[in-house]
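4 protein chains.
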Amino acid sequence: MTKPPLRIALIGSGFMGRAHAMAFAAAARTFDLPVEPVLEVLADRDEETAAKAAASLGFARSTGDWRAAVNDPAIGLVAITTPNILHAPIALAAIAAGKPVYCEKPLAATLAEAEAMTLAAEAARLPTAVGFTYLYNPMIGLAREIIADGEIGEVTAFRGIHAEDFMASPDAPFNWRCEAAQAGGALADIGSHIIALARHLVGEVRAVSGQLHTAHPVRRDASGAPREVPIDDQADALVRFENGARGTLSASWIATGRKMGLGFEVSGTRGSIVFTQERFNELQLYRGGTRGREGFTTIMAGLEHGDYGAFCPASGHQIGYNDLKTIEAKAAIEAALGLPNAAKDFREALNVERVAESIRTSSREGRWVEV
Amino acid sequence: MTKPPLRIALIGSGFMGRAHAMAFAAAARTFDLPVEPVLEVLADRDEETAAKAAASLGFARSTGDWRAAVNDPAIGLVAITTPNILHAPIALAAIAAGKPVYCEKPLAATLAEAEAMTLAAEAARLPTAVGFTYLYNPMIGLAREIIADGEIGEVTAFRGIHAEDFMASPDAPFNWRCEAAQAGGALADIGSHIIALARHLVGEVRAVSGQLHTAHPVRRDASGAPREVPIDDQADALVRFENGARGTLSASWIATGRKMGLGFEVSGTRGSIVFTQERFNELQLYRGGTRGREGFTTIMAGLEHGDYGAFCPASGHQIGYNDLKTIEAKAAIEAALGLPNAAKDFREALNVERVAESIRTSSREGRWVEV
Amino acid sequence: MTKPPLRIALIGSGFMGRAHAMAFAAAARTFDLPVEPVLEVLADRDEETAAKAAASLGFARSTGDWRAAVNDPAIGLVAITTPNILHAPIALAAIAAGKPVYCEKPLAATLAEAEAMTLAAEAARLPTAVGFTYLYNPMIGLAREIIADGEIGEVTAFRGIHAEDFMASPDAPFNWRCEAAQAGGALADIGSHIIALARHLVGEVRAVSGQLHTAHPVRRDASGAPREVPIDDQADALVRFENGARGTLSASWIATGRKMGLGFEVSGTRGSIVFTQERFNELQLYRGGTRGREGFTTIMAGLEHGDYGAFCPASGHQIGYNDLKTIEAKAAIEAALGLPNAAKDFREALNVERVAESIRTSSREGRWVEV
Amino acid sequence: MTKPPLRIALIGSGFMGRAHAMAFAAAARTFDLPVEPVLEVLADRDEETAAKAAASLGFARSTGDWRAAVNDPAIGLVAITTPNILHAPIALAAIAAGKPVYCEKPLAATLAEAEAMTLAAEAARLPTAVGFTYLYNPMIGLAREIIADGEIGEVTAFRGIHAEDFMASPDAPFNWRCEAAQAGGALADIGSHIIALARHLVGEVRAVSGQLHTAHPVRRDASGAPREVPIDDQADALVRFENGARGTLSASWIATGRKMGLGFEVSGTRGSIVFTQERFNELQLYRGGTRGREGFTTIMAGLEHGDYGAFCPASGHQIGYNDLKTIEAKAAIEAALGLPNAAKDFREALNVERVAESIRTSSREGRWVEV
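Chains as they are written, first to last, in the working numbering: chain A, -3 to 367; chain B, -3 to 367; chain C, -3 to 367; chain D, -3 to 367.
Next up, chain A with everything else stripped away, as it sits in the complex (with noise of 0.2 Å):
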């Protein structure tokens, strides 16, 4: 009953580096994997953080040089939760090594190194994943079941937002988030999760309109200094899908007062989903129904929904942010191992930033463009 090891390099030991290791712990006590997921060696940029990192979260090892543990023939995944302008050379390195990587989103710092990171992967026909977390949710998984059975009809709009609120001061520091080399600005940072939610539901994006803002053009850094904002405080574009739907995708982070505010409506001809990530264990879903009982049902996760009842013994009791984490860990070993699986690979991650490059490049050129 012994199961074959799979041995795990985390590079990175942040809050994300944490919720890794975790999730590749409990995936292995809540599902039934074919193998034993091990937290091998963790390397951080130094010895001695990586060292402490590597205790305090139970790894057998650690170590400060990332190459190191990328090349270790032991390991069976590389997960990668360092800074975003470290993704690309780590990533391509654990692909030069032969190894399946598993990687925090945004996928790269710039579109050039994604592209690059996808073909590289995709040449040495090495399995990836990526940390679209949200889209790992039983309901999210739920509202696409929907949606693909045509219980709604067809997909006339599709209208979402990711907002939240922790720039909306004009006193909030200047940090990396506002640095363009690093993926930053809030279409990049967060805007990524509903274009990639948008694609999981409706699909390919064909055509936006984007406006980019640069709401508070000037921060403060750490020291005190002003320094000019690159990129933007929120974004809103226009879409047109491949298969004719329309709709608007929005993305801020000074949205005052919305702390996870990922949501959308998807309107087809006979029906239509809601959702907030706010109250994840939720879906409405209105279908129509009985003359004068029609309205929109407040769907609670429970055991029918996908992997909600790995989690709890019943319906209500809800998954929090690091079920969904663990849902996910449990496909980036599934993808590491060949398996069928629901990971979105490089591949999903470069289109994602390909539709939020475009609607970049609309803003800048004020027109519409293709993606």
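Hints listed in this document are in silico derivations from the structure and should not be mistaken for laboratory results.
Don't take each hint at face value.
Derived DSBU-like pairs (lysine-lysine); straight-line CA-CA distance at most 35 Å [claimed, not checked]:
#, chain 1, residue 1, chain 2, residue 2
1, A, Lys(-1), D, Lys48
2, A, Lys(-1), D, Lys(-1)
3, C, Lys(-1), B, Lys48
4, C, Lys(-1), B, Lys(-1)
5, D, Lys48, A, Lys48
6, B, Lys48, B, Lys(-1)
7, B, Lys48, C, Lys48
8, A, Lys48, A, Lys(-1)
9, C, Lys(-1), C, Lys48
10, B, Lys(-1), C, Lys48
11, A, Lys48, D, Lys(-1)
12, D, Lys48, D, Lys(-1)
Sample of chain D residues at the chain C side, in silico, Cβ under 10 Å [as the list claims (entries may be wrong)]:
#, residue
13, Arg155
14, Leu208
15, Asp232
Idealized CB from N, CA, C, for every residue including glycine.
Let chain A serve as the given structure and place chains B, C and D on it in line with the hints.
Below, chains B, C and D alone, put in the same frame as chain A:
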């Protein structure tokens, strides 16, 4: 204690005509007006229809000739609730006769007509009012006050929509709302409400990028014959406001499940407001506050809010659609009397239509358009 | 086409008097009644008050002597909106004069009076109506229909409350609502609504165990003098219905934050209904359904629901408190004319008060009481 | 940096056993505990079941003899997740062996057993913890803090319910939950949660008047044979708290449509709190405030709230049911170590059961019962 009469001519006796008649009567009982509104004459397409409607709605006289009603020297206010194509000729005649005019929205079937009506009224220095019913909601008044007073800081975004579903089915028949010459289409028919609301709360719209879409390009008319649909089922637009705020405006009459989905979220640097007409006695307000106690507060319409107390003995009782119409009728009467009033006039209706027209132009030409 | 008049005498001209006057007028315009309700005479405590109110509310005549109004041969319906202690003498005089009576709730200041009024009306075979406004809501009608049709199976539980907060502060002054002789107390004043609702939906209450509580046993009156409060600030009761269902009924006027918290959840073997008057154009219905798609459906008031369509052109527009009053006035008029009607009569009001009285007895004696 | 181990024996490996195992592991990674919890030995009804579960859950050893596990000198904490009837013998044995005990709720199958367990633990001065999972929710912690700090004034009422629907159908089979000897019935099984919550927030319950009800008095067991149901499907009670507050407590497992309907409204002289476990990352708070801006504020779980930040990087991400269990496991560990902790101990569980027993007695005897 007898008040002087304000004799009203109502042209049109459909549902909206009845709503006007009831609103005038209710306004007289609800508010302490300086005049007694008198339902003097009702005009409709023929004598018989008019006579029947007059009896049912409580008008003293009736006529099949609207020109007679409009030119009647006793009349102090002309209310127009006819089909859209008749708005311009009736209003122009009323203005020529020196009468204040209270007209249903949209102001006219074409922008040119709306312009002519506005200029005529202004040249004649005659007061006018337009039926943007939802703007008279005390909770919208509260939103406006909160924004104007700077309670949510500087406005950074307004994202709004008016979504209904009465044309969602491909089987919904071709009717007058599908005719371009009748000011048809989702944007003109219901989109005008969200444009008016955006202007009411945030101010002038400077530029737009629009996308109109006819999801069901062929519908059958009453005779069963297929007809090409020349107008939009849904419209979305990016907008830039004069004051720097950005956002989106959408309109759809194919948003399955939505019956009165007129809603918005307006974000400011210090707070936010969320509203939906489907619960129009409520307003959601976020304003920060004590650490760990922040959140959106659901304010329920009450005695502190505008004209609410004229209708209900205590908070929480709720006003209805016809009460909004009653507040609107009061505004129209006050306007007609030359008193300070909250009525939206022809000029404002024209401004709303200009934004709609700019969205249409933008969509047709695939470019941003300055309003 | 002229309809025969139904001449109305209104006794009392406070807020509720005005509501009646407006409701009669609105009912005439909203519904196709077989008579024309005429606001004939308004009676109040003195000639001057009455004359002023008559002018403001549109009554033809006025009087300071309610006996004159009640005995006026022209009068076809007597409406009573006076303080509670006057209900009995006026109603009994009206009945003696052979008039149908439409009385505000509570029916009387004491159970004995309510009984006398009911027996008098029944002996005289005169129709009566009582102002249980919330029962006339089309969505309550829908709930009743759903239950009666067995859509939620057999009812197993009804848990309801009427919660408001106008007496929540210890500083809220002692007023007539605090007097036992005036039918004061939370249970009598607002609890009657939830009792009436429970009976309307589930049927006869057989037994109760009650607990009344005076949270603020001393309040200051208008003069600043401390007064002992002889009535309840809140009341809770266990109930057994005739049909076997169980539940709880609560009333509170110290439920801080609640403005119109009249709500309930009724559970059946196959479904459930949830309602709150704070969103009275909605009803939540659970009926099972497709696996993985079950949930509470928010039904929005629309054209399919009772009298809604008489007020609004389309679903989702929402009716208001005064529209409920208008439906109630229609029922009172239909009752007065001997037509089929939905009015709650004196007998039903007496039944409601008997339940309330049983709860008071139970609380006083610390035991279950059969109603 | 190596932490001393705390070796855990888990007795029982059903769903709740797995939840404990995962919670111990997660607690170690989530919190900076002074010990390393070690999944040392898993005991179940036979060697094979135990071995299989141990492998799957990550325990080092397994046994078919719980006495061996309980008496194992290496063990520092005994966790009990067996059927209810085994709680007492195992706990008493563990206490006899000098071990801290962490037991699932209900504490025991009978009140006498619960009393014996409590007295034994107290006599041995051994720390204990009980699985009242919902009390460990940071938002419940917030509610408690708000109440304790007087933010809502003096508490006047608490009305709460735990409603689910897993036995709503008359066809739901007779199972162990229907046996009185197994601590069966809605009140014992789920009502204990709302009693615990009421005590946690408002304090001691002094007296109760209860009404138990078996809506489906006969159910078929697994073999299809009809069985009389000796326990309650729903229970309602009036309560008086020691501090003068009043209210109602209800429990139902036949509340069709409710999956996790554990909710309450607590009213104070200056504010109110509303909560439902179906949206347990939220709390509704009313505290008055600026005139015209008052309302219930929806507070979303965030970094300011208790242990939330140990699980999520930012507000709005939401924790899940298993995270509550992890916080509970931490409390149990801290209790076992003699550290300050938030664990509910046997004494508190006994107090909860006494309230439940008083409600049962009251219902049986038809009178108020002092707790």
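To see whether the hints hold, each was checked on the structure:
1. Lys(-1)(A) to Lys48(D): Given pair Lys(-1)(A), Lys48(D) holds - Cα atoms ~13 Å apart, limit 35 Å.
2. Lys(-1)(A) to Lys(-1)(D): With a Cα-Cα distance of about 28 Å, the restraint between Lys(-1)(A) and Lys(-1)(D) holds, given a limit of 35 Å.
3. Lys(-1)(C) to Lys48(B): holds, 13 Å
4. Lys(-1)(C) to Lys(-1)(B): OK: Lys(-1)(C) and Lys(-1)(B) at ~28 Å, within 35 Å.
5. Lys48(D) to Lys48(A): holds, 34 Å
6. Lys48(B) to Lys(-1)(B): Within the cut-off at roughly 28 Å; holds.
7. Lys48(B) to Lys48(C): Measuring from Cα to Cα gives roughly 34 Å; hence the hint holds.
8. Lys48(A) to Lys(-1)(A): holds, 28 Å
9. Lys(-1)(C) to Lys48(C): holds, 28 Å
10. Lys(-1)(B) to Lys48(C): holds, 13 Å
11. Lys48(A) to Lys(-1)(D): Given that 35 Å is the threshold and the Cα spacing comes to 13 Å, the pair holds.
12. Lys48(D) to Lys(-1)(D): holds, 28 Å
13. Arg155: holds, 7 Å
14. Leu208: Because about 9 Å separates Leu208(D) from the closest Cβ in chain C, which is inside the 10 Å limit, the hint holds.
15. Asp232: holds, 5 Å
Consistency with the previously given hints is maintained throughout, with no hint failing.
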